[in-house]
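J.: What follows is the residue order along each chain.
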Amino acid sequence: MEAAQALALKTLREGGASDNERLTYAFRRCLTRLPDQGEREELLNLLARQEGRLAEGWVNPWDIAGFDQKLRSNLPGDATPVQLAAWTTVARVLLNLDETITKE
Amino acid sequence: MNSQNQLYERHDPQSVSRRWFLQQCGVGVGAIALEELLGEAGFSAGTLSSDNPFTPRTPHHAPKAKNVIFLFMAGAPSHLELFDHKPQLAKFDGTLPPEELIKDYRAAFINPSSKLLGPKFKFARHGQSGAQVSELLPHLSGVVDDIAIVKSMSTDAFNHAPAQLMMTTGSQQFGRPSMGAWVTYGLGSESQDLPAFVVFSSGKKGPSCGNSCWGSGFLPTVYQGVQFRSSGDPVLYLSSPSGMDEELQRDSLDSIRRLNEMHLDLTGDPEISTRINSFEMAFRMQASVPELMDLSQEPQHVRDLYGAEPGKPSFANNCLLARRLVERGVRFVQLYHESWDQHSFLVRDIKKNCKETDQASAALVQDLKQRGMLENTLVLWGGEFGRTPMVQAGTEDGRDHHPNAFSMWMAGGGIKPGITLGETDEFGFNVTQDEVHVHDLHATLLHLLGFDHKKLTHRFQGRDFRLTDVHGNRVDKLLA
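Chains as they are written, first to last, in the working numbering: chain V, 1 to 104; chain G, 1001 to 1480.
Hints are computed from structural coordinates only; laboratory data are not their basis.
Predicted model, so just to flag it, every value in this text is computed and none were measured.
Misleading hints may appear alongside valid ones.
[What the hints assert, rightly or not] To spell it out: a stretch of chain G is covered by chain V in this simulated footprint if at least three of its residues, at any positions, have a beta carbon under 8 Å from a beta carbon of chain V; those stretches are:
(1) 1125–1132
(2) 1247–1254
(3) 1374–1383
[Said to hold, decoys possible] Calculated from the model, a selection of chain V residues having no Cβ within reach of chain G, i.e. all distances over 10 Å:
(4) K10
(5) R13
(6) G16
(7) T32
(8) L34
(9) G38
Think of the CB as a built atom: it goes at the ideal place given N, C-alpha and C, for glycine as much as any other residue.
The shape of chain G in the complex, shown without the other chains (with noise of 0.2 Å):
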């Protein structure tokens, strides 16, 4: 009881039966008490009314945004040559940082004290806000009136699976539940077909922290994100087995829910309806999958504004998914692209990189906003932090990790759009004003989707975790 009762929280009492405490539990009367003395957690949105874990909830307040796509650029894409334009630094190539700057600095790989690198490509000014974006990003560009660019993102860690902890779960440590297991567990799911939270990726690799950037941590398992693969079977061992027909595949479903039940009457053993759950998900998804992968049913206007290709595996096609996903009630989808870990040939690959993801990222916004939906989608682009105005040392453009400024851009779901936030020093390497660290980005997250997130807590080990754990103040002058 006192190990596992993260599993029975928000339960209705009824459904964890004396009987089962009699079975099961050979502790817990002390534990019992300290609940009691404990009291309630925090997150106050009324106990489950049935056995579905995913019925939709009302939060602290009303929400801007319904739905989260985060666009995760895995690897760190290098806010120097994308949005945090620094003519100076063009200047001081090839000389050394400042000491002060660089004093108590510690880099990934190189030694802080390498010679400065200008930025390798043009900035211009577009769209009524003015907003500066590089050359690279021809087509986000156009839409730049639509989104916030913030330019003083910062982060705590300076390696990728650390940092990519951070920016998904809150914290460099595995454990955490990711937010957008945070989100399911506070909001339901609109969805009865597909799973509240799916993961998608594409590029040369998935990302350096693995399932642990979409875990529940310790939140109930069917809080964590399913990973959809864009080639073959979409989600393993979804299709019955060769030459199963679907009577016999809903007998026998029927005749495993009718036994759960069964032991479910006998136990009340909540996590047996969670199985349940998840057995019928599973068959009603074998044919709301293929349906949603189905991108030969999109008109040849918005693949061709998105750049998808049916049956050809790209970040493109899994940006309209995530339309597709969206539409169909999906509460928080997750796109990573590796790598954009440019240590070495920045130009060639950041190139490459911006080719692959800066058509379909505009297209998004473009797309959920022709559709009305951009007003309660909350669209997230950007890395796990920045990288260094310092060439790598042995290369002739490479940047190291930067943790103290990095640039992200956000879109819809109550996001101010038109604006640019936030200001770095001359090198792009502190941030100077209006700093938003991944706590705030968090903070600012949940407010939007009607959250405070002091108060969407979740009571493990013996005292209440939240996504912002400790820290995170909600960043205002980001709101609509």
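Bound conformation, chain V alone (with noise of 0.2 Å):
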């Protein structure tokens, strides 16, 4: 979990600006290739269903981006808690695929 506010944080300051590019940037530090189309969708769905909820009140976005003060102090200026919290959620799914997790 801890390693998915992380790299949801990174994502957000480093990697690029709209969620198009960001997705790269976080499939690609997990999986090093590009995502295909149907992996792109399924990431970019997961993370607009959760945008949703999140703004809608659902979930608290720092319950799940993480309670670290460190984090809220180095959220990129423009991004919100919101899309932090979405992001975990996107870097969380990641982080657990088997392609990920396996060498083979």
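Hints in hand, dock the two standalone chains.
T.: The structure is reproduced here in structure tokens:
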């Protein structure tokens, strides 16, 4: 979970300006390859769904994004806690993929 | 392919696709030819029809037992204080053992030529069967007609870790699959929401042989035992991170599953299906485990029978949980209770051990019987070896490790009830009649579960392995 939170923060800080670029960045960091179209759609849909739920207040963004004060102060200026939490969800999925975990 | 081929055995060949082969296998044509030459492995319950390795399977013959609960009294209880009554040993108390008895005998810690120590507790006959049981086990004495006591167990190892491995895996060395793994490999699981093989531990410490006692060795890793803790989170990291609601969790898992399936379609690697299954199992366990562990659901009289108290971890709670697990279709449950390693203060400490375990062990037999579950649940009770009739030097009442003879009891699942099998000599030192080696116990256990122990095999590193390896004889006298 902590790793997913850190990856989400890194993605928002360094991953580019659009969600598409950020996805490529996060995906490559985990799998050292580019996502194909199906994978890209799956993950961007997840991001959008969870951004929606977070914005509606179903889940508290800071509960997902982490309580660490450093995280909060390191958040790039234009990024919102909702974005950070939604990206944490995506990062958690990426880090748990079989392809990420297994070498073969 | 050759080093990992055990991962793909018993999978539908179509699931191991050509593309996977071409992508992942740098070597292997020679290995495939060899595989063909060596032929099929002995276990022929058929290839797996689905990607679920736990699909219930048909064994070699109709089984008597469907489930096993092994109460492992790790550290090795003294047979001389519990089941093997030796009034003659009292006569020899304080004298040296006969030389021919200890010739070539090596003990773990003591000089074999140490003074004999008479039994420390009284015995009496119980039940219709008249089985002799020590005063330390008043509750078990009440169910002797439902159990079989074996006084003639023997093993090869005289130190805890190797002997515990011997008892659980059939080998003194690390790396073999444990019996729970073999059984779930052979029979699959009846439970969709809980692991097929569950382990609990109570007492002062965990078992000396650690996780290897419930490992899967060279069998696919899905068959290894899952340890549940008796306090706090029963399964580590099973709860969702705090603040996460179920929908977020489910949505994330669905994404993981869909992405893993895309990768599975591309590669055909069956280990991906294993992972998909284990994520789904974990999700179902998020609901099933808290329900399982909630002993307050049990009526007061059942909790009292075991001496179980919700929220207070104990062997008694674990016994009650074992029954709940079997009820929910879990195939193999192992409960460890440490430690029975009485090198000193035998009287004080064995009393304590018995107080912690006697009531619940007997309650488990009674409770299973009342529910009609004993018929197809095999209960085993025992340690990894026995204790010496000689005193541990420098102590008043300690006994050292002793592999030549020890006692176990078993019940249900096709075991003949109300018998006592085997005899030892007047010192309780060597088996004199009906020896049951650990390998023989394993052969018998597999027989009750529907397997010929010689045919339940798994090919690894060029040859077929079995739980009993090249040993073991079924003990027909134990069969109902």
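J.: State for each hint whether it applies.
T.: Here is how each hint holds up against the structure:
| no. | hint | in the structure |
| --- | --- | --- |
| 1 | 1125–1132 | violated (count 0) |
| 2 | 1247–1254 | holds (count 4) |
| 3 | 1374–1383 | violated (count 0) |
| 4 | K10 | 19 Å, holds |
| 5 | R13 | 22 Å, holds |
| 6 | G16 | 21 Å, holds |
| 7 | T32 | 14 Å, holds |
| 8 | L34 | 14 Å, holds |
| 9 | G38 | 6 Å, violated |
Hint compliance for this structure: hints 1, 3, 9 are not met, and every other hint is.
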